Each structure stands twice: as C-alpha cells, then as structure tokens.
Amino acid sequence: MKNRENKILILDCGSQYTQLIARRVRELGVFSEILFWDSPADKIEA
440 MKNRENKILI LDCGSQYTQL IARRVRELGV FSEILFWDSP ADKIEA
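Numbering-wise, my numbering comes out as the position in the sequence shown, counting from 1, plus 439.
Hints listed in this document are in silico derivations from the structure and should not be mistaken for laboratory results.
Just so it is clear, the structure is predicted and the values come from calculations on it, not from any experiment.
We put the beta carbon where it would ideally sit given N, CA and C, even for glycine.
Treat the hints with care, as some may be off.
What the hints assert, rightly or not - So the derived label-pair ranges between C-beta atoms look like this: (1) Gly453 to Pro479: 14 to 20 Å; (2) Lys482 to Gly453: 17 to 23 Å; (3) Glu444 to Asp477: 23 to 29 Å; (4) Asp481 to Ile447: 14 to 20 Å; (5) Tyr456 to Asp477: 24 to 30 Å; (6) Gln458 to Ile483: 17 to 23 Å; (7) Asp481 to Leu459: 24 to 30 Å; (8) Lys446 to Trp476: 14 to 20 Å; (9) Gln455 to Asp481: 18 to 24 Å; (10) Gln455 to Glu484: 17 to 23 Å; (11) Pro479 to Lys446: 24 to 30 Å.
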C-alpha cells in the first residue's frame with residue numbers, strides 16, 4: 440500500500456459488496472481493513 444497514514448475501516452454487516460468496496464478503496468491507495476460488525480470496540484479502535 441502506498442500510504443498507511445490514510446486508513447479506512449469497513450464494517451462487514453453481511454453485504455455482498457464488502458470485498459468490492461475494500462478493493463476499490465485500496466485501488467485508490469488507501470489502506471482498508473474489514474472487520475465484522477460485532478467486533479469488540481478495542482479491536483476497532485486499534
């Protein structure tokens with residue numbers, strides 16, 4: 440990834456488009472991570 444200062448978290452609520460969204464964001468050079476919607480808050484804040 441080009442720039443790890445720009446990050447986006449994608450919460451997966453079961454949508455069929457989650458992976459597509461992540462790929463498009465990464466194509467823009469932004470680091471993205473997918474977590475399940477019920478992930479603990481401490482993991483989301485990390």
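Going through the hints against the structure:
The hinted window of 14 to 20 Å between Gly453 and Pro479 holds, with their beta carbons roughly 18 Å apart. Take Lys482 and Gly453: their Cβ atoms lie about 18 Å apart, and the range 17 to 23 Å holds. Between Glu444 and Asp477 the beta carbon distance is about 28 Å. The supplied range of 23 to 29 Å therefore holds. The hint said 14 to 20 Å for the Cβ distance between Asp481 and Ile447, and at roughly 19 Å that hint holds.
In this structure the hint that Tyr456 and Asp477 lie 24 to 30 Å apart at CB is violated, the actual value being about 19 Å. Range check, Gln458 to Ile483: about 19 Å between beta-carbon atoms, so the 17 to 23 Å window is met. Separated by about 28 Å at the C-beta atoms, Asp481 and Leu459 satisfy the suggested range of 24 to 30 Å. Roughly 18 Å separates the CB atoms of Lys446 and Trp476, a value that falls within the hinted 14 to 20 Å.
One distance hint, 18 to 24 Å for the beta-carbon pair Gln455 and Asp481, is violated here, with the actual separation near 28 Å. Against the hinted window of 17 to 23 Å, the Cβ-Cβ separation of Gln455 and Glu484 comes to about 27 Å, which falls outside the hint. For Pro479 and Lys446, the Cβ-Cβ distance of about 18 Å falls outside the hinted range of 24 to 30 Å, so the restraint is violated.
Comparing the model with each numbered hint stated earlier shows that hints 5, 9, 10, 11 do not hold.
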